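For the record, the sequence lines run as chains Z and S.
Counting from 1, position 267 in the first sequence corresponds to residue 267 in this note's numbering; the numbering is continuous, with no gaps.
Counting from 1, position 129 in the second sequence corresponds to residue 129 in this note's numbering; the numbering is continuous, with no gaps.
Any given hint could be a false lead.
Where chain S lies over chain Z, by a calculated footprint (3+ residues, C-beta under 8 Å) [to be verified]:
id: 1; stretch: 72-79
id: 2; stretch: 84-97
id: 3; stretch: 305-318
Just so you know, these hints were derived from the structure itself, not from any lab.
None of the values given here were measured: they were computed from a predicted structure.
Idealized CB from N, CA, C, for every residue including glycine.
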Amino acid sequence: MEQNCAIELRDITKKFGKVYANDKVSLKVNKGEILALLGENGSGKTTLMNMISGIYFPDEGHIFVDGKEVSIRSPRDSFDLGIGMIHQHFKLIDVMTAAENIILGLEGKAVLNMKKVCEDIQALVDRYGFDLDPNQKIYTMSVSQKQTVEIVKMLYRGANILILDEPTAVLTPQEVTRLFTVLRNMRDDGRAIIIITHKLNEVLEISDRVSILRKGRYIGTVETKEATVSSLTEMMVGDKVSLDIYRPEPHDLKKRLTVEEISCENGEGVKLLDQVSFEAFGGEMLGVAGISGSGQKELLESIAGLQELTNGKVIYHARRGTDFDLSGYNAAQINELGIKHSFIPEDRLGMGLVGSMGMTGNMLLRSFRQGKGFFTRQKEPRDLAEEIKKNLDVVTPSVDYPVRRLSGGNVQKILVGREIASSPSVLLVAYPVRGLDISSSYQIYNLLNEQKERGVAVICVAEDLDMLLDFCDRIMVLCGGKLTGIVDARKATKEEVGLLMTAHKEDKA
Amino acid sequence: MSVIITFIQKAIVQGICMLFGADGEILTEKSGNLNLGVPGMMYMGGIGGLMAAFFYEKSTDHPNAFAGMVLSFLAAFCLAALGALIYSILTITLRANQNVAGLALTTFGTGLGNFFGGSLSALSGGAGQISVKVIGSAYQAKIPVLSEIPVIGDIFFSYGFLTYFAIIISLAMAFFLKRTRWGLNLNAVGEDPATADAAGINVTLYKYLATVIGGGIAGLGGLYFVMEYTGGTWSNNGFGDRGWLAVALVIFALWNPINAIWGSILFGGLYIIYLYIPGLGRSAQEVFKMLPYLVTIIVLIITSLRKKREHQPPQSLGLAYFREER
Numbered sequence: 001m002e003q004n005c006a007i008e009l010r011d012i013t014k015k016f017g018k019v020y021a022n023d024k025v026s027l028k029v030n031k032g033e034i035l036a037l038l039g040e041n042g043s044g045k046t047t048l049m050n051m052i053s054g055i056y057f058p059d060e061g062h063i064f065v066d067g068k069e070v071s072i073r074s075p076r077d078s079f080d081l082g083i084g085m086i087h088q089h090f091k092l093i094d095v096m097t098a099a100e101n102i103i104l105g106l107e108g109k110a111v112l113n114m115k116k117v118c119e120d121i122q123a124l125v126d127r128y129g130f131d132l133d134p135n136q137k138i139y140t141m142s143v144s145q146k147q148t149v150e151i152v153k154m155l156y157r158g159a160n161i162l163i164l165d166e167p168t169a170v171l172t173p174q175e176v177t178r179l180f181t182v183l184r185n186m187r188d189d190g191r192a193i194i195i196i197t198h199k200l201n202e203v204l205e206i207s208d209r210v211s212i213l214r215k216g217r218y219i220g221t222v223e224t225k226e227a228t229v230s231s232l233t234e235m236m237v238g239d240k241v242s243l244d245i246y247r248p249e250p251h252d253l254k255k256r257l258t259v260e261e262i263s264c265e266n267g268e269g270v271k272l273l274d275q276v277s278f279e280a281f282g283g284e285m286l287g288v289a290g291i292s293g294s295g296q297k298e299l300l301e302s303i304a305g306l307q308e309l310t311n312g313k314v315i316y317h318a319r320r321g322t323d324f325d326l327s328g329y330n331a332a333q334i335n336e337l338g339i340k341h342s343f344i345p346e347d348r349l350g351m352g353l354v355g356s357m358g359m360t361g362n363m364l365l366r367s368f369r370q371g372k373g374f375f376t377r378q379k380e381p382r383d384l385a386e387e388i389k390k391n392l393d394v395v396t397p398s399v400d401y402p403v404r405r406l407s408g409g410n411v412q413k414i415l416v417g418r419e420i421a422s423s424p425s426v427l428l429v430a431y432p433v434r435g436l437d438i439s440s441s442y443q444i445y446n447l448l449n450e451q452k453e454r455g456v457a458v459i460c461v462a463e464d465l466d467m468l469l470d471f472c473d474r475i476m477v478l479c480g481g482k483l484t485g486i487v488d489a490r491k492a493t494k495e496e497v498g499l500l501m502t503a504h505k506e507d508k509a
Numbered sequence: 001m002s003v004i005i006t007f008i009q010k011a012i013v014q015g016i017c018m019l020f021g022a023d024g025e026i027l028t029e030k031s032g033n034l035n036l037g038v039p040g041m042m043y044m045g046g047i048g049g050l051m052a053a054f055f056y057e058k059s060t061d062h063p064n065a066f067a068g069m070v071l072s073f074l075a076a077f078c079l080a081a082l083g084a085l086i087y088s089i090l091t092i093t094l095r096a097n098q099n100v101a102g103l104a105l106t107t108f109g110t111g112l113g114n115f116f117g118g119s120l121s122a123l124s125g126g127a128g129q130i131s132v133k134v135i136g137s138a139y140q141a142k143i144p145v146l147s148e149i150p151v152i153g154d155i156f157f158s159y160g161f162l163t164y165f166a167i168i169i170s171l172a173m174a175f176f177l178k179r180t181r182w183g184l185n186l187n188a189v190g191e192d193p194a195t196a197d198a199a200g201i202n203v204t205l206y207k208y209l210a211t212v213i214g215g216g217i218a219g220l221g222g223l224y225f226v227m228e229y230t231g232g233t234w235s236n237n238g239f240g241d242r243g244w245l246a247v248a249l250v251i252f253a254l255w256n257p258i259n260a261i262w263g264s265i266l267f268g269g270l271y272i273i274y275l276y277i278p279g280l281g282r283s284a285q286e287v288f289k290m291l292p293y294l295v296t297i298i299v300l301i302i303t304s305l306r307k308k309r310e311h312q313p314p315q316s317l318g319l320a321y322f323r324e325e326r
């Protein structure tokens, strides 16, 4: 039995500051087995795998490979132990061929023999049933082909333990089927495979066993044969934690937005939004739940006029009673109509604010078009910056202090504050409290609640289900670009939303 | 006929200087470093070679031509490489802005060259009085026998050793970049250092080596100018804009050393064509001197219209590499 175990983790703990990313996690993968690692966003799946692949070093705990205790201090160590990780973002050089990417950085003879390399790759490709031309350039490849290159790269380097981080997130259903066939072939060849995912139907389809993490804690491992969608969901989302966020009752609901069957796709033809229809009301907080990458960002961008729709339309019911079909307007005009979009990106300063400018300059970004003549008017934005600083308690030495140097909470207050200063009638916010500590989060909640009470239709995308359930009036759930349901946040349970989030209907394509 | 032969000869003579610069810069840019210090490094190479030759010839009564060549060659390479090393420390280790650091190196190198060039002139009694006869003529020595062949000998074999060395370097570099493991790794560093790093390539080492060696090669362009072109003397600011033409040639050659060979001859020809067109006024001459730059712009337009990825500059060119936090 000990012989059969490819890799085992025992009581792995990793802390970032005071936060436990992983708290005494243990798991085990055998040779010739596919283990699914299941958990919500932020449950510590990726951190755990990064410790196996040498990107982080665990604070406590033991890792055993082939029954021997090892210490993995760098990606190189991980390589040498035969561990290969396939990230969500492929690390490939675009102008090179598949074969060149596969041998990149390997030791060997100085002069390359590409013919021999290609033959070796072809042998691997044939053995497992990949679909790959070693001489094809990366930039001509589809996402699925690039993923294939990554997998073959790991195999070529002799990886026996393969870790795939969300491998199906970017694939079409047909490509997923092909990937699973290849994974099964590799399993039958005796390799150990860990697949990180949150798509339950895929877990049930491909894996032999499932290990579940929740908020950094190891919940348990079950045989896939004995698991069902609902039993896994229960383990994944757990019990609801009350956050006690102040939630005023909505009143005076007025229809502000009608979204009719909107769809859009990315450059690869994968549907990011699929026939989504809903209505949003002034005076109401509409939450958007979903596993990351389910189309939340695209939904907000569609309303703000930043996404090209392949189908459907967005109708805006203005306060004066006139209706606008937003498809005829560009993003600047939509902004002008009173639909404000404040997206908090992962790196906060990537979108929306210019880090090296002060608050005044950043206010000016929104208003410079109103100015007449050549010179910008500094006075109004400065007044606005002072006002936001005072009203929202932004802690900054001066309104001219570069926002890059402010803390995350303050940056977020500026971002949200700027959008609400223009008295919007629809406010789109994404991840408003991402990365904030508790007191800053509550300040942001209060800001948004204030807007809601003023009759603004607030649409709020967030990852944290507990927060959505305590903060919103209604929650719409997206899954794979489809709207899987709209629930009343006061009555819905966490399991209900969790199920909707993973309710993948089998594609009939 | 003889005018055409002379023109071709002169075009090649003009081009070799740029070819060294372009080869060095191609190697540098393949690592993702945009070193705009090429003109400066060429000055440094030139003055380094000249000083070594000058003091060697002064130090003995019977200077050995071969020893003098080796000394001046090494001095030129090392001084220019030193310039590139300063640039590397600034941009790779300290992550300073590459454009600023490169332009500063150009200013520095030009000043250094002119300062010591002026001093050497003063030592030897006035401007244009520097003489390193033995070594200068050794650099200028043509290939015996072969250069005697009419026409063919004139076009192909009537140059000094540095001319052939430039061609050999270009061919060797093309082979290095396309066919060797290190070349592949270097390409990866210039395209996407994060990916190269993840693949286990020592990004910093590759960047340093490529930039320093590239700088040294560019410096040989200066040596060529001082020794073979002018025969071993110095005139302040004598290089003109050849250093910048070398940078333009890199773009024209689409980062391929083989293209740089014929490109340099074309550039050299365009650079002096005004001398061969009768009846040009002073201002018209200047217009003709713009031709190489004009050709570069046209090539840029055509390649960006064709959108072929292989013809684009290395993707991370000009960007400092920060390893992600671990």
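Are three or more residues of the stretch 84-97 of chain Z within 8 Å, CB to CB, of chain S?
holds (count 6)
Can you tell me if the stretch 305-318 of chain Z counts as covered by chain S, using C-beta to C-beta distances under 8 Å and a minimum of three residues?
violated (count 0)
Holds or violated: the stretch 72-79 of chain Z covered by chain S, criterion of 3 or more residues with Cβ-Cβ distance under 8 Å?
holds (count 3)
In summary, the one numbered hint that this structure violates is 3.
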